[in-house]
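Participant: Chain by chain, the residues run as shown.
Number of protein chains: 2
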Amino acid sequence: MERPFDEELKLLREKILEMASYAEESIALAIKCLMERREEYAAEVMQREEKINGLEIEIDDLCMKTLALRQPMATDLRFITSAMKISSDLERIGDQAVNIIENSVELLKYPLLKPLIDIPRMSGLAQNMVRDAINAFVVGDDQLARSVCKGDDQVDQLNDQIFRELLTYMIQDGSTITRAVGLILIGRHLERIADHATNIGEDVIYMVKGQIIKHHCDDRPPKI
Amino acid sequence: MERPFDEELKLLREKILEMASYAEESIALAIKCLMERREEYAAEVMQREEKINGLEIEIDDLCMKTLALRQPMATDLRFITSAMKISSDLERIGDQAVNIIENSVELLKYPLLKPLIDIPRMSGLAQNMVRDAINAFVVGDDQLARSVCKGDDQVDQLNDQIFRELLTYMIQDGSTITRAVGLILIGRHLERIADHATNIGEDVIYMVKGQIIKHHCDDRPPKI
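In the order they appear, the protein sequences are chains A and B. Residue 435 in this note's numbering is what sits at position 52 of the first sequence, and the numbering runs on without skipping anything. Residue 580 in this note's numbering is what sits at position 197 of the second sequence, and the numbering runs on without skipping anything.
Derived by calculation from the structure, the hints in this document are not laboratory data. A couple of the hints might just be wrong.
Same chains, same names: a pair is fine if it fits in one copy or spans any two.
[Stated by the list, open to error] Dumping the calculated DSSO-like pairs for lysine-lysine here, alpha-carbon to alpha-carbon at most 30 angstroms:
| hint | residue 1 | residue 2 |
| --- | --- | --- |
| 1 | K415 | K597 |
| 2 | K597 | K497 |
| 3 | K448 | K492 |
| 4 | K468 | K597 |
| 5 | K497 | K434 |
| 6 | K398 | K415 |
| 7 | K448 | K434 |
| 8 | K533 | K415 |
| 9 | K497 | K393 |
| 10 | K393 | K415 |
| 11 | K497 | K398 |
| 12 | K492 | K434 |
| 13 | K497 | K415 |
| 14 | K398 | K492 |
| 15 | K592 | K415 |
Given only the sequences and the hints, what does the whole structure look like? Please build it.
Facilitator: See the structure below:
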C-alpha cells in the first residue's frame, strides 16, 4: 500500500545513492592521482567534495522535515535516523578522499618510491565496502551489510602490512622517509574509509533487524 | 511548564555528560601513559572505552524511543537528533583515545625521543574543545559552540608543526624513525578528536539556532 510519505523515503534513498556515488568516485580519483601521477584529478575530487557537502545538508533537512511532519514509527523511523547517520559517514568518507588527494599531490613532487600494489588493492576493497553498504541500505539487505562489516578486517590487515613494509623502507634508506610517511598516511585514510563503511553496515543491520551489532552486541533484541 | 517528556530529555542530557566525561578522561589517561611512561593506564582507557560503547547504545535507544513515543517537534526534535549525532562523535573520540594508548604503549619499548611539549599542549586543547562542546550542548549555548569550532585551527596548526618537526628528526637520524612515526600518529589522533569536537559544536549551533554551519553555510536560514 502506498503511504503518504513513501515519496519522501524514495527521495531520501535517491539522495543517499547520489552522495555515495560521489564518495566512491572521489576515492577512485584520489588513488588514480597517486597511481597515474597526474595532479589534475585533484580538482575533480574537490568538485565532488562540494557536492557531497551540499547533499549532506539536503539529506539532513529532508530527514528533519520528515520526522517533524510525518512522525514515523518503527521501521520508517529507523530508516530515517539511519539515513542521517549514513549521510554523516559518507561526508566523512569524502573528507578522507580529500586527505588522500592532498597526500597524493604532495607525493608527485618526488620520484615514485616503489611500484604500488597494496594501496590500490586496499582502495578497491574500501570502495567495494562503501558500495555494498549503500546497496544494503537501499534494498534493506542485512546479510550484505554483515559481509561489509567482515571486510573491515581485510583492510586493517593490508594497512598493517603496508605500514610495516614502509617502516622497513625508511629504516633502510633515509631518503625514502617523506614519501613513505605520505604513503602510510594514505593507508590510514583508506582504513578510516573502511571504518565508515563498517559503521554504515552496522546502521543497516540495526535498520533491518532492529538489532544493534555495534561493539559486538550481536544478541541484543530489537528495542522498537 | 513541565512537559511529559522533560524527564527523558533530562536523562539524555545526563547520559551525554557521563559519556563525555569518560571520553575526556580517556584522552587524558592516554597522554599520561605517554608522558609518565606507565603502561598501566592502558587498562583504565579500555575500561572507559567499554563504558562509552555501552552508553552510545543506551543513548541511541533512548533517542529512538523518545522519537517514537513522544513525536517531538522543532527544538525538541533537534535536541534529540543532535544527541544521537553527538553520542556517535563521543564514541569515535573514545576510539581515538584507544588508538593513542596503543601507540603510547608501543613507544614505551623505546627511550624517549625528545621532551614532549607540543603533544600534551595539543591534548589539552582537544580536551577543552570536547568539554566546551558538551557544555554548549547541555546548556544550549551557541556562542560557546562557535568558540569550539574556532579552536580547531589551533589544533591543526600544532599538528602540522609536530609533523614537520618529527619529519626533520627522522631525516637527520634514522634511528628515530619508529618513535617519530608513533608520535606523528598520536598527533593525527588528537587532530581527529578536535575534528569530532568541532562536529559536536556544529551540531549544537544547529540545535540552538536551527542554522547549519557545516561546510561554512553560515547564512542558511532555519528550516524547521
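Participant: Next step is simple, just say for each hint if it's right about the structure.
Facilitator: Here is how each hint holds up against the structure:
In the homo-oligomer, the alpha carbons of K415 and K597 lie at most 30 angstroms apart only across protomers (28 angstroms), although the nearest pairing inside one protomer, at 33 angstroms, exceeds that limit. Taking identical chains as interchangeable, the C-alpha atoms of K597 and K497 are never at most 30 angstroms apart, the minima being 38 angstroms within one chain and 39 angstroms between chains. Within a single copy, K448 and K492 get their C-alpha atoms no closer than 48 angstroms, and across copies no closer than 54 angstroms, so neither meets the 30 angstroms cut-off. Taking CA atoms no more than 30 angstroms apart as the test, K468 paired with K597 passes in both settings, with 13 angstroms inside one copy and 15 angstroms between copies.
For a Cα distance limit of 30 angstroms, the shortest separation of K497 from K434 qualifies neither inside one copy, at 34 angstroms, nor across copies, at 44 angstroms. For the identical chains of this complex, K398 and K415 are intra-copy neighbours only, at 26 angstroms inside a copy versus 44 angstroms across copies, given an alpha-carbon limit of 30 angstroms. In this assembly of identical chains, the alpha carbons of K448 and K434 lie at most 30 angstroms apart only when taken from the same copy (21 angstroms versus 33 angstroms across copies). With identical chains, the CA atoms of K533 and K415 are at most 30 angstroms apart within one copy only, with a shortest distance of 26 angstroms there and 34 angstroms across copies.
In this assembly of identical chains, the alpha carbons of K497 and K393 never lie at most 30 angstroms apart, being 46 angstroms within a copy and 57 angstroms across copies at closest. In this homomeric assembly, K393 and K415 never come within 30 angstroms of each other (Cα to Cα): the closest approach is 33 angstroms inside a single copy and 50 angstroms across copies. When the C-alpha separation of K497 and K398 is checked against a cutoff of 30 angstroms, the pair qualifies neither within a copy, at 39 angstroms, nor between copies, at 50 angstroms. Taking identical chains as interchangeable, the C-alpha atoms of K492 and K434 lie at most 30 angstroms apart only when both belong to the same chain, with a minimum of 29 angstroms there against 46 angstroms between chains.
Within a single copy, K497 and K415 get their C-alpha atoms as close as 16 angstroms, which meets the 30 angstroms cut-off; across copies the closest is 38 angstroms, which misses it. In this assembly of identical chains, K398 and K492 lie within 30 angstroms of each other by CA distance neither inside one copy nor across copies; the values are 37 angstroms within and 49 angstroms between. Taking the closest pair of Cα atoms, K592 and K415 never come within 30 angstroms of each other, the shortest separation being 38 angstroms inside a single copy and 41 angstroms across copies.
In this structure, the earlier hints numbered 2, 3, 5, 9, 10, 11, 14, 15 are contradicted, and the remaining ones agree with it.
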